[in-house]
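Colleague: Got chain A sorted already, so can you dock chain B onto it with the hints?
Number of protein chains: 2
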Amino acid sequence: MEQSGRLTLPTDVDMVDETIRLKELLGADALRDCDGTTFPDALLSQDAKKYATYYTTRKDNEWAEANPDEVQQEYLISDRVTARGETLRIELMKGFHREQLKVNTIHDPKRWWEVIDRTTGEVVPTDQWDYDEATGEVEIQTVPYHQYTVSFLAFLIWDPVHMFNFITNDWKDAPHQITFDVRLPKTQQHVKEKLKKWCEDNPEINVVRFTTFFHQFTLTFDDQKREKFVDWFGYSASVSPYILEQFEKWAGYKFRPEFIVDQGYHNSIFRVPSKEFRDYIEFQQIEVSKLAKEIVDIVHSYGKEAMMFVGDHWIGTEPFGKYFANIGLDAVVGSVGDGVTMRMVSDIKGVKYTEGRLLPYFFPDVFCEGGDPIGEAKENWLKVRRSILRSPLDRIGYGGYLKLAAQWDGFIDAIKFVVGEFRLIHENMQGESAYTAPFKVAVLSAWGPLRGWMSYQVHHSIWHREIYSYNGVLECLSGMPFDVEFIGFDDIKNGISDDIKVIINFGDAETAFSGGENWIDAEVVTKIREFVDNGGGFIGVGEPTAYQFEGRYFQLSDVLGVDREMMYSLSTDKYNELNPNHFILEDIEGEVDFGEGMSRIYAQGEDYQILSMDGEYSQLVVNDYGKGHGVYFAGLPYSPQNCRILMRAIYYAAGMEEEMKKFYVTDVDTELAVFEKTGKIAVINNSKEAKRTDLYVNGELAEKLELEPMEMRWVDYNANI
Amino acid sequence: MEQSGRLTLPTDVDMVDETIRLKELLGADALRDCDGTTFPDALLSQDAKKYATYYTTRKDNEWAEANPDEVQQEYLISDRVTARGETLRIELMKGFHREQLKVNTIHDPKRWWEVIDRTTGEVVPTDQWDYDEATGEVEIQTVPYHQYTVSFLAFLIWDPVHMFNFITNDWKDAPHQITFDVRLPKTQQHVKEKLKKWCEDNPEINVVRFTTFFHQFTLTFDDQKREKFVDWFGYSASVSPYILEQFEKWAGYKFRPEFIVDQGYHNSIFRVPSKEFRDYIEFQQIEVSKLAKEIVDIVHSYGKEAMMFVGDHWIGTEPFGKYFANIGLDAVVGSVGDGVTMRMVSDIKGVKYTEGRLLPYFFPDVFCEGGDPIGEAKENWLKVRRSILRSPLDRIGYGGYLKLAAQWDGFIDAIKFVVGEFRLIHENMQGESAYTAPFKVAVLSAWGPLRGWMSYQVHHSIWHREIYSYNGVLECLSGMPFDVEFIGFDDIKNGISDDIKVIINFGDAETAFSGGENWIDAEVVTKIREFVDNGGGFIGVGEPTAYQFEGRYFQLSDVLGVDREMMYSLSTDKYNELNPNHFILEDIEGEVDFGEGMSRIYAQGEDYQILSMDGEYSQLVVNDYGKGHGVYFAGLPYSPQNCRILMRAIYYAAGMEEEMKKFYVTDVDTELAVFEKTGKIAVINNSKEAKRTDLYVNGELAEKLELEPMEMRWVDYNANI
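So the sequence lines, in the order shown, correspond to chains A and B. Basically our numbering = 1-based index in the first sequence + 35. Basically our numbering = 1-based index in the second sequence + 35.
Chain A extracted, bound-state conformation (with noise of 0.2 Å):
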């Protein structure tokens, strides 16, 4: 067995001979430094790849406070003020921390302002407002009780990670790191000629760990230096005079600042994408891809390897998009809080390896009283593994204060057996992939594949009330036995792909992922009955399909047997009644957990059967579609339990109920991984519990098992054939 190598730590000056220690122990063979730590030389001559955090728009306030318009800027919306008469003064920064932000003065307000009038929707004419540069207000004119609005630029005087991590850490004495815009010619050449003198300066350094490009997601703290807004996914601090002009010519149309604003929603990743916001996210890939390749190059030319974290500054970067293979990047390292965002990083094509930086990170914010990193690092391990097996990164480690971990009772241990399992998972797949189901499941929303792995997040793998219902769906999949591909509404108009036999469709109406209008496209709904009438599987979560018209809230209600009261058929009797009795709940015992789940859920047509009801509703419901079926969930958060339900509903829906049972473990907190090529079998204990699970192989009863808690059993797959 494997006892060493595939594992990153960091380390810090004060910790030298620890780190030693402790890569000798877990068999390390890559150290790091970390934001808030230092490499220390003395380990600089030990045995591993070395990885330097390299932060291309800051840590140089020297240049920075030479070339203040060229620091980075981001689109901000006041406050929304009523007017009460017939001029209004808002104050733009009201709210806003200024130490991280400032109104951007330099560049034409008329220009790059808008002033919106949010009762109607118009744009107030510029000569209808003024900047009042010594108050810092706007004043407009204004027709009485409407809302205004203004859409403005500033600059990013702090950035917004070093922001977070200087409060998170209570650090006093660092200075506020001011971002630059690296995409400005006279910064990017300072960047690039930074980088070679870096390389050249360290030549011990293998690995440049990128953290990461030149776009940081959006993160903005409020007037007490509490957040006050994050999206992960957000593109609002992205832009700037030089980068919106470029777009202008490339989209041939005129920008406006609404196109990122956005009513104040600045794009979350729930709403349907604009057009424009579309058109905003392909180009600033084409920028940013490019660019990155001549940074990446200049790497290479040093003879080291270019890593990009997926995180910080990794907007426009898209590693799901078409462009980021053009960057040839040796490596990314990502994130890992759960199954989704392991597949995250570990589905991302164009790269020699992934690595994925598992939790906790070592801060104190988990390490200190009350805190439970050991706990934490298993309920990770336990989600992540299973994801593993089916989709595998080729390095784990970890970030932070090494000194955190070492002090904290039991916690190496923890990693020790962490990295144990990561390393004979490798050594029994040998680079071969897990037995998938012969048919693909695919997931349909309106961003279709540049955000696989990544829907229902508003910060990195933060759990919210309003998402884990949904998100539950993905981190299901992302241990299962399927080839899961994200499509979008024009994959379906462009024809479905043979290969695909299951589509699902998750979210709340409106959104992103439910798609909102596209369902009132008739292209969109012909093709998919079509699928299914000739023997496809649609499931739907939530708000599947919704979009009012036409007499139907759920445009695909034939398909999935159901549709959602909105109380206008309130006047219509229903006569739902229930039959728990289906293959989908063949193996479930016990409540089944929907989660926050959807009201006034009722089941039309006549070929549905209710599986799960509340009351007069429906939370769980299949339905005949010619040669095909629809199934429908009130919400699926992740269980091992939902993951089984899930499993046996894409097999119904499919009508390959038969295939399910080719490898098979019946507990239903049990799940397997088959390696037919390597000979190897995993089965996975996903509980805390000891179980006794059957192994069905090639539908036979092959062992009965005993399993300890959180266990990974490997067995002989040749010896069961």
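Treat each hint with caution, since some may be false.
Heads up, the list lumps identical chains together, so a pair's fine if it works in one copy or across two of them.
Unchecked claim - Simulated crosslink set (SDA-like; lysine to any residue; CA at most 25 Å straight-line):
no., residue 1, residue 2
1, K129, M695
2, K357, Y277
3, K137, D526
4, K310, Y582
5, K562, Q163
Since the hints were derived computationally from the structure, they do not count as laboratory data.
Modeller: Relative to the frame of chain A, chain B by itself:
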């Protein structure tokens, strides 16, 4: 104390002696027959008013059968059927009960029917479909995988209420009563002649009780004789080519079946009414009131009174409409299920007196094993009594089979209690009104005054999980010391009346009661903002002012201090915190009941105070807005506690907290009504437990009272000032 009068009892041929006994015992001064009972000749000489139910539209099958083209008609919509190929056959009567309805092939289908592609919303040209009378199917040339419906006319060959009574009572031999359309000239002539003859033949009858006039509310049965569709407000059965051609002339535009069928929602009261449907209601009111007056005139010409039952064929009469008083009725009688439906009768203007038919109805569905008619009578009276103190009925009565009531142990005593209290109220109020606050409370909806006391109902006072949390607002108001006015959005635009101090808007988004698209009318929101800014109050329940537009879901989020998280603003941090110390909750102990509540409500702005939270979200929020106030409730089902909370919220919203204790009782389960002119104060205990409550008069503690369960205590006003 009055021992008799104000009471109507039902009778039947086999109940002569018992009727006389009960009439004396209860002091009834009127007797009536019912559907399925007959007035015994032996009682015609009794000293009491004699009511006879009279049906203009049925109980004359001879006429109906001789004139099949004058049978009443209804617009139906077929099942929605998805085309699999280029043609599709839809069986029109599938799912309808063929003994109730029959496809109308007398009038040209191509003129009066409509085939609609529900995938696009387009009407299928009439040359692309045909009706096959032999099979009862419409064959349509289709686009594959589009969905189609056929809207068609059917004859109502069994009166829906007769059918309902027939099924409920398990009648066997009664012939199905066919309905005929009194609007048609030939039938109209016949009905008038018949009425004249009937008046001549029944000289002892004093009151002709019309059940009702011409058009039945929508009540359709399915193929298993179960209720399929019921809308107590529905106009779908008020149509015929004769009427529709008149409508076209009056309206000046072409009629479309879709105006009635409305995507299959049949213009449910929850739909924001379309212009065309409003026009149709207006037209029907004009015509119905004109013809009803002719009928009433006949009755008057025989020296009898004309009474209308608000139910059954009441469609088009619209008691809160502009034309109702023109009918010249002497009285209305309506079923009284609670305070709201009591006010729906007692607030009707343009009649000499009002009568409420209290529950339970003497039918075997309640007077049966497991039934609790005494409990129902008490519950009913508790809800009705408090609203009678605000706006009294002139009379009460009961309906159904007297035999069932007479034989139920203790039931007659329960009635005696109710009747006694009812008479006492009249004796003490002497026709004067109880004290109300010195301002009006307006209920704002897209229906305006037309649906006063009628919102949030599907079928007359039937409980639904979807509506009780809203209907509670009206139920509370029905017995509260406020003048309530029902207003529409035009009333806002035309200028909010000076006597209104508080506006209430409640309901689910995009229903008629919330208001839908009216909320993006700049005139509406500016007028209300101005109103509140100048000291008015705005109370919202559920999804008030909701319509997603320009960055807000609640368009008056600035006034209310809250918005609803529709997933678009998850990136914005909220930091909402609870502070329940407020005037509104001063009396309140324990949890507040928000019923079904409303998820994801968050406070925003700077002037809010959150009085109740559910996790991170809010349920009860107050907001300062200029000189006025907003109040938000997540839901408000009826309960004595919620009456108190709403009363406090209204005084708070009006900025008149001081006024509240002018007349006040401390215990939340008790209320009072003050008759200053007659010098009487009624203190009522709305609970079934004994209560101690302190009575305040003109702001001073006047008496400490101990009330029996359900007690109504009369206190002398003048002794306490």
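Colleague: Now, for every hint given, state plainly whether the structure supports it.
Modeller: These are the hints, each one checked on the structure:
{"no.": "1", "hint": "K129 - M695", "verdict": "neither (58 Å within a copy, 39 Å between copies)"}
{"no.": "2", "hint": "K357 - Y277", "verdict": "within (24 Å within a copy, 64 Å between copies)"}
{"no.": "3", "hint": "K137 - D526", "verdict": "neither (43 Å within a copy, 46 Å between copies)"}
{"no.": "4", "hint": "K310 - Y582", "verdict": "both (19 Å within a copy, 23 Å between copies)"}
{"no.": "5", "hint": "K562 - Q163", "verdict": "between (50 Å within a copy, 23 Å between copies)"}
Violated hints, listed in ascending order, are 1 and 3; each of the other numbered hints is respected by the structure.
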